[in-house]
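A.B. asks: Could you build the full structure based on these sequences and the hints that come with them?
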Amino acid sequence: EAQVTQNPRYLITVTGKKLTVTCSQNMNHEYMSWYRQDPGLGLRQIYYSMNVEVTDKGDVPEGYKVSRKEKRNFPLILESPSPNQTSLYFCASRPLAGQETQYFGPGTRLLVL
Amino acid sequence: RKEVEQDPGPFNVPEGATVAFNCTYSNSASQSFFWYRQDCRKEPKLLMSVYSSGNEDGRFTAQLNRASQYISLLIRDSKLSDSATYLCVVSPNSGGYQKVTFGTGTKLQVIP
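If you read the protein sequences in the order shown, they are chains A and B. Sequential numbering of the first sequence, starting at 1, is according to my numbering. Sequential numbering of the second sequence, starting at 1001, is according to my numbering.
No lab work stands behind these hints: they were computed from the structure. Treat the hints loosely; a few may be bogus.
[Claimed, not checked] List of simulated lysine to aspartate or glutamate pairs, EDC-like, C-alpha gap at most 16 angstroms:
#	chain 1	residue 1	chain 2	residue 2
1	B	1099	A	30
2	A	71	A	53
3	B	1045	B	1077
4	B	1099	A	59
5	B	1002	A	59
6	B	1079	B	1015
7	B	1107	A	38
8	B	1107	B	1082
9	B	1099	B	1003
10	B	1042	A	38
11	B	1099	A	56
12	A	18	A	79
13	A	65	A	53
14	B	1079	B	1039
15	B	1107	B	1007
[Claimed, not checked] Calculated from the model, a selection of chain A residues having no Cβ within reach of chain B, i.e. all distances over 12 angstroms:
#	residue
16	7
17	14
18	15
19	27
20	52
21	64
22	65
23	79
24	112
All C-beta atoms, glycine included, are put in the ideal place defined by N, C-alpha and C.
C.D. replies: This is the structure in structure tokens:
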């Protein structure tokens, strides 16, 4: 089954404790992206990647890091989480060519205390 | 002005009603337009792309008005299962790197 998976789905952590949210897709998509969703602000792009070893900042990259060592994986790293990073995070992927829709992962709910 | 604006709602409509949402965008160079549906606490899923000539998929009709820079979504014969948040998505280009901008969504509640 074609899908995007994220882990963990729910996470409660404390300020400053490094964490990684994994994202994996099995559709051989070149393009992958991370979004955060907050009430009243909609989905905002954090980082995106157009292929292996090619990443770039989205609209709200501060406090986040990403890596793309393999085509299927695109982890999101919070080196020192802060309470303002409490949010719902979505990973998405799509082929680079054409106007195909983005496929979203199920989301990760993060609470930073 | 926001890049993409939607009325947040909620729109409370009875079953069987027809409901329409609009979404305005500020970048006149935008080329790709989509409507996504998002159920509570779930991931967004593509409902339909919006083509220049307009398009229809069953009870759903999407329209694009480039002159006034808005897209619309019409839902006929609303079902309880249509209750969700509808996100408008706009992109300045097609293919390649596609920076998409999401609206904040319009919440629809269909009432029995």
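A.B. asks: State for each hint whether it applies.
C.D. replies: Here is what the structure says about each hint:
no.: 1; hint: B:1099 x A:30; result: holds (15 angstroms)
no.: 2; hint: A:71 x A:53; result: holds (9 angstroms)
no.: 3; hint: B:1045 x B:1077; result: violated (21 angstroms)
no.: 4; hint: B:1099 x A:59; result: holds (10 angstroms)
no.: 5; hint: B:1002 x A:59; result: holds (14 angstroms)
no.: 6; hint: B:1079 x B:1015; result: holds (6 angstroms)
no.: 7; hint: B:1107 x A:38; result: holds (15 angstroms)
no.: 8; hint: B:1107 x B:1082; result: holds (10 angstroms)
no.: 9; hint: B:1099 x B:1003; result: holds (12 angstroms)
no.: 10; hint: B:1042 x A:38; result: holds (13 angstroms)
no.: 11; hint: B:1099 x A:56; result: holds (11 angstroms)
no.: 12; hint: A:18 x A:79; result: holds (5 angstroms)
no.: 13; hint: A:65 x A:53; result: holds (13 angstroms)
no.: 14; hint: B:1079 x B:1039; result: holds (14 angstroms)
no.: 15; hint: B:1107 x B:1007; result: holds (9 angstroms)
no.: 16; hint: 7; result: holds (14 angstroms)
no.: 17; hint: 14; result: holds (23 angstroms)
no.: 18; hint: 15; result: holds (24 angstroms)
no.: 19; hint: 27; result: holds (14 angstroms)
no.: 20; hint: 52; result: holds (15 angstroms)
no.: 21; hint: 64; result: holds (17 angstroms)
no.: 22; hint: 65; result: holds (20 angstroms)
no.: 23; hint: 79; result: holds (25 angstroms)
no.: 24; hint: 112; result: holds (18 angstroms)
The earlier numbered hint that this structure contradicts is number 3, and it is the only one.
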